[in-house]
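**Q** Whole structure, please, built from the sequences with the hints as guidance.
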Amino acid sequence: MACFLVSAAEAVVVHTIEKSVEKKEIQLKSSTNHVKADEMTIPMSRKLKWLKYLLIGGAVLLAFEHVWHGEVVPWSPFLTAMSNPADAAEMFHEMATVGVCMALLITSVWFIMCKIADSIARRPETDQKAV
Amino acid sequence: MTLLITVYAAVVATVVWYRRKDDNMQLGILCFMYWGASLMWLVDAIFEYSELHAEYFTPALADMVNDAFLGLSVVALGLIIWLVRLLITDPKGKVRATLQK
Numbered sequence: 087m088a089c090f091l092v093s094a095a096e097a098v099v100v101h102t103i104e105k106s107v108e109k110k111e112i113q114l115k116s117s118t119n120h121v122k123a124d125e126m127t128i129p130m131s132r133k134l135k136w137l138k139y140l141l142i143g144g145a146v147l148l149a150f151e152h153v154w155h156g157e158v159v160p161w162s163p164f165l166t167a168m169s170n171p172a173d174a175a176e177m178f179h180e181m182a183t184v185g186v187c188m189a190l191l192i193t194s195v196w197f198i199m200c201k202i203a204d205s206i207a208r209r210p211e212t213d214q215k216a217v
Numbered sequence: 174m175t176l177l178i179t180v181y182a183a184v185v186a187t188v189v190w191y192r193r194k195d196d197n198m199q200l201g202i203l204c205f206m207y208w209g210a211s212l213m214w215l216v217d218a219i220f221e222y223s224e225l226h227a228e229y230f231t232p233a234l235a236d237m238v239n240d241a242f243l244g245l246s247v248v249a250l251g252l253i254i255w256l257v258r259l260l261i262t263d264p265k266g267k268v269r270a271t272l273q274k
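Protein sequence lines, in the order shown, are assigned to chains A and B. Quick note on the working numbering: the first sequence kicks off at 87 and runs consecutively. Quick note on the working numbering: the second sequence kicks off at 174 and runs consecutively.
Since the hints were derived computationally from the structure, they do not count as laboratory data. Among the clues, some could well be false.
Selected chain B positions facing chain A (in silico; Cβ < 10 angstroms) [to be verified]:
1. Thr175
2. Ile202
3. Met213
4. Asp217
5. Asn239
Footprint (simulated), chain B over chain A, 3 or more residues, beta carbon under 8 angstroms [claimed, not checked]:
6. 87–98
7. 141–155
8. 184–196
Glycine is no exception: its CB is placed at the ideal position from the N, C-alpha and C atoms.
**A** As structure tokens, this is what we get:
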């Protein structure tokens, strides 16, 4: 009914964190000139950008699905479930269950993806042979 | 059906991203968008399966056709969003060069 709103809200929070992390990384880069060993890893702001794109992309395409099914309309209150209290309660329940699970799954997949990406970035360059 | 079509779109977008010769095409955005939607629909499918059980795998033909149309529309919307973003950010400066002629 409005499960995509949870991911959309998380995307807004991630975007805010990403901007502040990016600022700190730029400041840190300008203050230190020497190259550290851990600079071989991927910057946190870039990883947060991946999470943001996953969340926004999913939320936008899911919002379209809700428009398709007539659950989201272009006039107030925008969510058809908000027009009566029984449907609204069901909508909030769906947000708390399905919506939260969606956000958690995306965040978990992103976390695993970051770990794998870090290990790939640290991997020494070798001759790749076709398997 | 929507989930399946979106997963296929995500896989194709990722393969195209891996084989890319040009970093300026911003194919990563397309991959993230489709994978994000696929993961979200996967959760939706799990919840639906927990309610319907075996019935989930035997949908009515009309529902399947509607879901397939929705899936294709979602893929088209994803491509449009990616294309509009590509044209606005204009990483190769081609739009700008055309407009300045």
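**Q** Could you run down the list of hints and mark each one as holding or not?
**A** Structure-based check of each hint:
no.: 1; hint: Thr175; verdict: holds (7 angstroms)
no.: 2; hint: Ile202; verdict: holds (6 angstroms)
no.: 3; hint: Met213; verdict: holds (4 angstroms)
no.: 4; hint: Asp217; verdict: holds (6 angstroms)
no.: 5; hint: Asn239; verdict: holds (9 angstroms)
no.: 6; hint: 87–98; verdict: holds (count 3)
no.: 7; hint: 141–155; verdict: holds (count 11)
no.: 8; hint: 184–196; verdict: holds (count 6)
Hint check: no violations occur; every hint is consistent with the structure.
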